[in-house]
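Residue numbers (numbering that gives the first Met the number 0), protein chains in the order written: chain A, 0 to 288; chain B, 0 to 252.
In short, the hints are calculated from the structure, not lab data. Beta carbons are placed, not taken as given, at the ideal position from N, Cα and C, and that holds for glycine. Mixed in with the good hints there might be a few duds.
A short, non-exhaustive set of chain B residues, derived as facing chain A with CB atoms under 10 Å [claimed, not checked]: (1) T2; (2) L17; (3) M132; (4) R159.
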Amino acid sequence: MHPAPSVIAFTTFSGLGFGLLFWLGLGQPAPTGWVAFAFFALAYTMAVGGLLASTFHLGHPERAHLALTQWRTSWLSREGIAAIATLLLGGLFALLRMWSQSGPALGWLVSLGCLATVFTTAMIYTQMRTVPRWRHWTTPALFLTLSLAGGALLANRSTAALVLLALAAVLQLVAWITGDKQFAQSGTTLATATGLGEIGRVRAFMPPHTGSNYLLKEFAYAVGRRHALQLRVIGLILAFGVPIPLLAAGLTHMTALIAVLAHIAGVLCLRWLFFAQAEHVMGLYYGKR
Amino acid sequence: MTTLPPPSAVKLGLVIDLDTCVGCHACVVACKGWNTQSDLGAPLSDQDPFGAAPTGTFLNRVHSYEVTPEKGPTQQVHFPKSCLHCEDAPCVTVCPTGASYKRAADGIVLVNEDACIGCGLCAWACPYGAREMDAAAGVMKKCTLCVDRIYNEALPEVDRTPACVRTCPAGARHFGDLGDPDSAVSQLVAERGGFDLMPELGMKPVNKYLPPRPRDVDQIDVLAPLLAPVGSDGKGLIAWLDRTLSKLPGARD
Numbered sequence: 000m001h002p003a004p005s006v007i008a009f010t011t012f013s014g015l016g017f018g019l020l021f022w023l024g025l026g027q028p029a030p031t032g033w034v035a036f037a038f039f040a041l042a043y044t045m046a047v048g049g050l051l052a053s054t055f056h057l058g059h060p061e062r063a064h065l066a067l068t069q070w071r072t073s074w075l076s077r078e079g080i081a082a083i084a085t086l087l088l089g090g091l092f093a094l095l096r097m098w099s100q101s102g103p104a105l106g107w108l109v110s111l112g113c114l115a116t117v118f119t120t121a122m123i124y125t126q127m128r129t130v131p132r133w134r135h136w137t138t139p140a141l142f143l144t145l146s147l148a149g150g151a152l153l154a155n156r157s158t159a160a161l162v163l164l165a166l167a168a169v170l171q172l173v174a175w176i177t178g179d180k181q182f183a184q185s186g187t188t189l190a191t192a193t194g195l196g197e198i199g200r201v202r203a204f205m206p207p208h209t210g211s212n213y214l215l216k217e218f219a220y221a222v223g224r225r226h227a228l229q230l231r232v233i234g235l236i237l238a239f240g241v242p243i244p245l246l247a248a249g250l251t252h253m254t255a256l257i258a259v260l261a262h263i264a265g266v267l268c269l270r271w272l273f274f275a276q277a278e279h280v281m282g283l284y285y286g287k288r
Numbered sequence: 000m001t002t003l004p005p006p007s008a009v010k011l012g013l014v015i016d017l018d019t020c021v022g023c024h025a026c027v028v029a030c031k032g033w034n035t036q037s038d039l040g041a042p043l044s045d046q047d048p049f050g051a052a053p054t055g056t057f058l059n060r061v062h063s064y065e066v067t068p069e070k071g072p073t074q075q076v077h078f079p080k081s082c083l084h085c086e087d088a089p090c091v092t093v094c095p096t097g098a099s100y101k102r103a104a105d106g107i108v109l110v111n112e113d114a115c116i117g118c119g120l121c122a123w124a125c126p127y128g129a130r131e132m133d134a135a136a137g138v139m140k141k142c143t144l145c146v147d148r149i150y151n152e153a154l155p156e157v158d159r160t161p162a163c164v165r166t167c168p169a170g171a172r173h174f175g176d177l178g179d180p181d182s183a184v185s186q187l188v189a190e191r192g193g194f195d196l197m198p199e200l201g202m203k204p205v206n207k208y209l210p211p212r213p214r215d216v217d218q219i220d221v222l223a224p225l226l227a228p229v230g231s232d233g234k235g236l237i238a239w240l241d242r243t244l245s246k247l248p249g250a251r252d
């Protein structure tokens, strides 16, 4: 799948923003006044910035409000509704916190909304019958764990961050080990795609066009896949390998900054791989994966 | 509304005969032509059409495959592919705006371009590569089964069929109601063992494909025995010519 920068930025930063908002909703930490403003501003910058980035790849962003109408069937629609509802409730909660008012029930609702938003984002990918690598429980599990881990890191919840980062690293490894086999296990091949398998061995002989097209650019993106192993190692080191020891040693302001920046760079790298390594069954028609 | 309607009684679709298709791409051109001049939606645009790297939007494309049986010669199969108007169409249910829909009356899957935000998710959900985003219009384009032809009483009756079917010189494309077991297309599917593409994905495509008929396995051609290689024994006139010509400048091995 084509790793569109807008979608990578969106899933990474809105994941982190909603992760931070989750912890703030739980009152972990429970700042007041300007400190509260700073925390909520950081969460909102990332969550809203991510959501805005996601509209950059739309053909008609001016019609984006229509995307809130089809929640009965569409995970993308559900995500939009969950995100907006959570951000509205979170805004109210932020105002309460800045004036040192407590609203635990509202806070819990905001946290629940954050989980719902990240889960619906993950389900947009998980639901795809056409991309076997994504169609697995590890996709929502990893999206949620990464969001909560990054949020805990930003919220300075060291113990939670440590546990969640370790869990996310394990889930990422499980997702790679299972994901690498899922296309083969799905049973979809050029033989089933063409229905010619009964006659003999099928090979793509001649493409329908000599140039490229939307389908090849969007679904048969293979650039950089040969560096996948190196990028996996780099992603693991940055997202988990750097922050975990720093957290274990106890964070200072300087090491916290390093841990956060490394984690964000690592998640961006892992998200790039999430798209670039995902193989769409349509590619089979072109003899590609 | 992106909720799929209950399965319609009428299921309009295509039956494509892989035995008959000659791979001339006339259906591709007819489709592009009709849907570019159609009032139904934005034209099918091209980018850099006369330049070094032309691309463009097409709703129908013809692949070619090589099939090698266990025994017998390799076959080449031309393979036209367009929207299969699936009964369980995932491109419809993923749409966040309701632009994608399946008609309850005849099962045709369409895009309301005025509501399409161009997010591309429906194309992700389609395993067949039947949907293409138009780079100029920023909306998703797909086969409409020529809904503006098949019910169009301003056209002579013979033309009330999809442009690809109307133009096919080999008669490899058939249009009809696959929901009616007695229709000509349903009979053809039953007779010839028509099949679904990627049945394991459970999209329940309405369009069906007819397999190539079995070929003779013993002999490629009746003339084959007469076409045995000559002049490889190093004797006679052919061999002398071969040696002599090889000595001339510019001769290849």
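To see whether the hints hold, each was checked on the structure:
no.: 1; hint: T2; in the structure: 6 Å, holds
no.: 2; hint: L17; in the structure: 8 Å, holds
no.: 3; hint: M132; in the structure: 5 Å, holds
no.: 4; hint: R159; in the structure: 27 Å, violated
Comparing the model with each numbered hint stated earlier shows that hint 4 is the single one that does not hold.
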